[in-house]
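Two independent chains are provided; combine them into the complex using the hints.
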Amino acid sequence: MSIEILMPALSPTMTEGKLARWLVKEGDEIKSGKVLCEIETDKATMEVEAVDEGTLLKIVVPEGSEGVAVNSVIAALGKAGEKYEAKQTSGRADEQTSKPAAALTPLSNISAQSSQALSQDFVYSSARLLVTNQGRIAASPVAKRIAQERGVNLYAVIGTGPNGRIVKEDVLNAVQQTSRRADEQTSATKLPTPAQAIPAAAAGPNAKQLADLLGQKYTEVKNSPVRKIIAKRLTESKQTVPHFYLTVDCELDALLAARKALNEKENAKISVNDAIIKAVALALREVPAANAAWTEEAILKYTDVDISVAVATADGLVTPIIKGADGKSLVQISTEMRDLAARARDNKLKPTEFQGGGFTISNLGMFGIKNFAAIINPPQGCILAVGAGVKSAVVKDDKLAIATVMNVTLSVDHRVVDGAVGAEFLAAFKKLIEAPSVWVK
Amino acid sequence: MTQSFDIIIIGGGPGGYVAAIRAAQLGKNVALVEAKHLGGICLNWGCIPTKALLKSSELYYTLQKLDQYGLEAKNTAFDLTKIVKRSRDVAGQLVAGIKHLMKKNKVTVFDGFARLAGGGKVDIALNDGNKNQISAPHIILATGARPRVLPGIEPDGKLIWTSKEAMVPETMPKSLLVIGSGAIGIEFASFYRSLGADVTVIEIMDRVLPVEDEEISAMARKAFEKQGMKIITGAKVAKLEKGKDSVTAHIEAGGKTETVTFDRVISAVGITGNTENIGLENTRVQIDRGHIVTNPWCETHEAGVYAIGDVTAPPWLAHKASHEGIICVEKIFGVPGVHPLDVKKIPGCTYCHPQVASIGLTEAKAKESGRAVKVGKFPFIGNGKAIALGEAEGLIKTIFDATTGELLGAHMIGTEVTELIQGYAVAKTGELVETDLMHTVFPHPTLSEMLHESVLAAYGKAIHF
Ligand SMILES: Cc1cc2nc3c(=O)[nH]c(=O)nc-3n(C[C@H](O)[C@H](O)[C@H](O)COP(=O)(O)OP(=O)(O)OC[C@H]3O[C@@H](n4cnc5c(N)ncnc54)[C@H](O)[C@@H]3O)c2cc1C
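Residue numbers (this note's numbering), protein chains in the order written: chain A, -1 to 439; chain E, 5 to 469.
Hint data in this document are derived by calculation from the structure and do not stem from the laboratory. Cβ coordinates follow ideal geometry from the N, Cα and C atoms, glycine included. Do not rely on the hints blindly, as some may be mistaken.
If you want a taste of the chain E side facing chain A, the calculated C-beta under 8 Å gives, among others [claimed, not checked]:
(1) V430
(2) G434
(3) D440
Next up, chain E with everything else stripped away, as it sits in the complex (with noise of 0.2 Å):
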């Protein structure tokens, strides 16, 4: 017997276990079939856990500088094997707490791989050897993404990693090529530079972390440089070949091919949606460039069906998936009030060190798109507690629509960004204008001043600087 639901999610990372969540909360009769792990991705081989080891470096990154506080320590040193299982257990409790909450929802969860079989029907091959099929009028695809693969860099999991063997490293590589300087490639090679590894990022565009504002991209390029992180920009890894215990790459830029040898090579080119063995072949669901095509209601060519998250169109970020996750049920249940999720209103981090963080649009885009605009910067050198903090450097710099006063893109760059480009996400949201955040009183002395300075620095009206 078929049983029947009224929604299945197929899928259990950010995207799929929330819209389970909101679903039930709706009184909604939900089924998840979750092929791995429950929290996917995210929680157990990508925003979690690598911020578990982050943590980890720039502890030890802050323990060579201790002196700067008037503090001392004497053998620093740290236990690679250690911090990879702090960074495990983490993710393991989070996973426990999916679970918990898909239990107090009362969600049906199938550990098994789903397929589309048809007329709101889905087969599911249990993990334990059995078949199931079971069958809703509505069902989600947030089946998530995988590593990209080029030709030539194929990834073996033993020399030539992706991000998840580069999350569980057994010894540490002396020196390590990152392909591509996206937040992924970026944060590990921050990781591993600060644990001291000799670490060179190549990137095709002509300058790191390339979504985010120029400036920033540029000051953030000083940053790891300044650390002794080797960059090549406008370069391509055309060939690795594989040694012993060692890869030689063939990297092309300007013109010349270079040959080095590394102990290990990061490839973080991009992702790839999960599309292939779902029964889209059956389906009238469009995919482009590996990613299901969808509206900004979630909802496919197949009526019935919908996809959220990394299997769908970029930014490929937890938050995006959980929220598009929330829409496409509420959409579909008819909750009033729903709106398409807006792409400028997206908040994205990278914890790299120094840290990294934007919403809207760019300096550059925004001048594009035709308009006047007014652009306010500020320095962490201004900043009261950034200099007690001992991180002085940073920049936090806004762009408002100089007719109507519309926030239309921030970015910033220096320590715990990732904390505060949330104020600008809510203004945004909000639609504030420049003079609802001057008129915002911001506690001090926090770095959060820094927002309120940006904004009165794009207007000639910054007090610190």
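Just chain A, with the same shape it has in the complex (with noise of 0.2 Å):
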């Protein structure tokens, strides 16, 4: 006998999908956990896995199929050489239990076969669930009287009762995910995020709930939209980029008496970090491979030398861009960097002031921080830690000698930078801040 695959509900809320993709073709040999297709809703995209394992005997619905039913047949799996017959079963679930038919079957009429079709009616449908050709669900009364309130299809629900019944809890489950992804979905809208969702974390006691058990005590801050954004992009980031990190000392005390002539020549308030701006921007010029990003078809190389600078706000960090940092003056750079940060500060930047840039600077020297590794701000390639400027006991010609000695760290998307190159790129750096006299004017 065949079994046969039904059209699974994404959602608690699903009727209907489009069969996108098959990934499978008929005689195929199906292991449980195979991804066979993709179906598609107005929400997401999903891979749907075979449960069962068998030869894919039919392909009843097409790819590219829209308004596909939730639960009709969509495939049959069974033994290689077996035939599929349509059962007269497929369809709308729900349409079936309306049929009276079946139940009214007189006694006398049921033979040894048909009894053992009726064993074989049940059957998983391709999503986990457990159904039976009549439109049955194992579930608890009050798990389907609370589905019925609360418009939950729970077909979608996954039982984690005896034999695989769905119980309360795992109804008010499906309602909390469902209004949880909403909420993502709206989110998401608002920032451009390359990559997909994050696949849900390893199922577990969050936080809040072990806290609630151990009787640990807090206070609970509000996640804000931005927070939220931040947080799924640095896990992401953090998570599917594969970083590596190289870290050279550079010596200051050069650059801070250049700037200290600069600032009494020009009148004017130009920072340790608007200096590491403008070296950033000079040695991306001169090393352009690490001003890139990475794409699946191709490494974007940028043109143009624009340089995040990421800033602290009570709702989390935020990289203003300053545009074509190479060709801006010390000055210049100085006076927009304090305008952004500024504004930045109290939420009133434009998307197009802190969407984009090429390479990213994350400077916490001003806390004493001596160094530390960042997290890469994707799609870019690189991020600069810059540590604080410590006066160290350096070596210089056998001797030992007093110096200030800043530690920058880069973090690089192996994807898109190699050692070397990152190396290259540091080198540059570091000459151009041990050598200030050739640009800091």
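Okay, here's the thing in structure tokens:
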């Protein structure tokens, strides 16, 4: 007997969807867990895995079909060589239940054969739901009531009760998940994020459940949409971007002196950070390979040198951009940076002022941090973490001497920039910082 | 040599011995360490012996109203020594049964006091004076609890009793003070009152059986007072002064202090977990108000150390201990489909006269939760069987979520309700809604018909009232 694969519901409210693509063909040997096809709704595209094993006898619904009803037969599994004959049971589940015919079959007519067929009616749909061809769902009465009341499609709910029975808790979880997904959807439209949603974290108690359980005390600070996006992007970056790190020490004394002289001459307030922005920009001109981003098809080498600079705000990090930094004077950079930082803290930046950029600088030197490694700001390929300038003992001409040393660490996306290129960029940067007379003017 | 096991269980009460049997059923090599008596408090000094005592007192009480049944008995009397002996014999019989079960399941029982020695090791001070060490990757603490002692009313075992002494009286006190009106206090109050003692119950809260539904609490109080019990709520015993063969209690109530003298006093003011001297100091196990902190899988803060039953959080009931034992073991050994215990689905019973039983939310709690509720009530007087039994006092109350039809709670008082509550426990675990219960057929004539009628009443459809 063949096993029918049913159109799964991807969300509690889904009633139909598009069968976007088949990833297997008739005659293929199917193992449980194999991805069979992709299904699209207005909200998402999801892969459907096989639960049962066997040979794919027939693809009932061809790819590209739209408006496929949840729970209708989309394919059939069986033994190799077996022929699939459609049972008269495909279609919407609730249509099935409303047909009393089966129940009215006179007892005498039930032969051994049909009773066997009856037991075969119990099939697992591809989405791991315990359903029968009669459209019956194993769910507790309370679960059914809540589902009805909240408009939850029980076919989309995974049961955790005895023998996979759907219990109240499962429906309540489904309701919560849908509203959470809806939340994500709305915040995702606000900022373009390149990648798909991060897979849900492994099941287990979250910090709040654990704290409640263990009686830990806390206050809750609601996450702003901005913080949620930052959290998502950082997680995505750290989980999907292959980071490596390069560290170098730079002596600052010459730069500090040159900056002082320039500030006096121009009556300006150029900070060390302004100078670092400029040095990074010039170094990127020398090593343009570090001013780049990854895409699946190609590495993008940015033509312009646009530097994102991390600014801490109450809501989290924001990275306003000094565009064309290599062509700007230090005084220009300084004025622009002050303005951007102030508006960033007031949440008044225009999207064009913080979206884009090819390279990021994050400076924690003012907090006395000696060195740290930053998380790459995708889709950019590099981020430079800048530490404090600290008077240190250094060896010069085989003698101990004192110098103001600043430690910088470059985090690099290895898909975009290799170790040697990263090192070349840092060498150029170090040279510029230690020989400022050429450019600090 | 340290003998090693798959799992070690410390404490042989209803938590520990059930866990041991379940682990053995899963084919594990199980060690159970018990310091005093298999069966724990429940079989030896708790549930079972008290129920034996209460059967005697209930029969005696019935004897007093035989006339009502058209019967007559002359010179009715009781022999306290025999009542106590029967209670001890019942306990003894069951303890022997547990020994047999351990043997049958090939559980290795060590008679001695166990102590965690770190790294999965357990030191045992054997009762025969020897020492032993065993080890296992999983250790379940099921050490139970003991009566809580409040300053000023420390039990001495002679004049001021805990539940243990109250269970084996040598003489019948003429007057008795029971401090605390929880299940344990009320059961003893009921026992001694039925046998004729003058009983006073002091409760600090504003009602007796304070965890029960308020309406049931009030009905219980009325019934007890009708039997001649004196009940003082919102009151506190500040001090006890011991005389030669009596105790004078300083009772504070409504801003005034009164001194009353009693023959004996029973302190039933709660319990505290047995967490001392079992080696917890060298672990990360955390203790909150005398009981071990666990997660829903009975895991403590120390990996490989678990805790179940009375030594953990309430409710402190034997069936809760046993159920946790099973969940804990099944979770450890990866049995699929294990679910954490839902406190709202644990029935609680008090075997006083009349009996009280409940499950889930009280009416007040259900309303507090912000839900629209439907409440059904059915009195015993509307039930044929109750009237035939001559037990027409009582009530069965059900509380439903008005939107989902979920049974949120059930509360009952009356004869044999401790046997009835289970019907609703099944309904709650199966997540049945009102219609399932309405469509269930209940046999006639039984007290169980009231379970049906109460549900019908919640929806304005009760037949017999
Ligand atoms: C008077 C009374 C009446 C009760 N009536 C009821 C009732 O009607 N229904 C109900 O459900 N509950 C009732 N209870 C409560 C019930 O007895 C407990 O909930 C139940 O016994 C808890 O089981 P447990 O296994 O957690 O602990 P216990 O039964 O307390 O067992 C713990 C065991 O561990 C042993 N032990 C402790 N420390 C060590 C150690 N270090 N090494 C070795 N062994 C150790 C002890 O000797 C004891 O035997 C009553 C209690 C009392 C006192």
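Checked against the structure, which of the hints given earlier come out wrong?
The structure breaks only hint 1.
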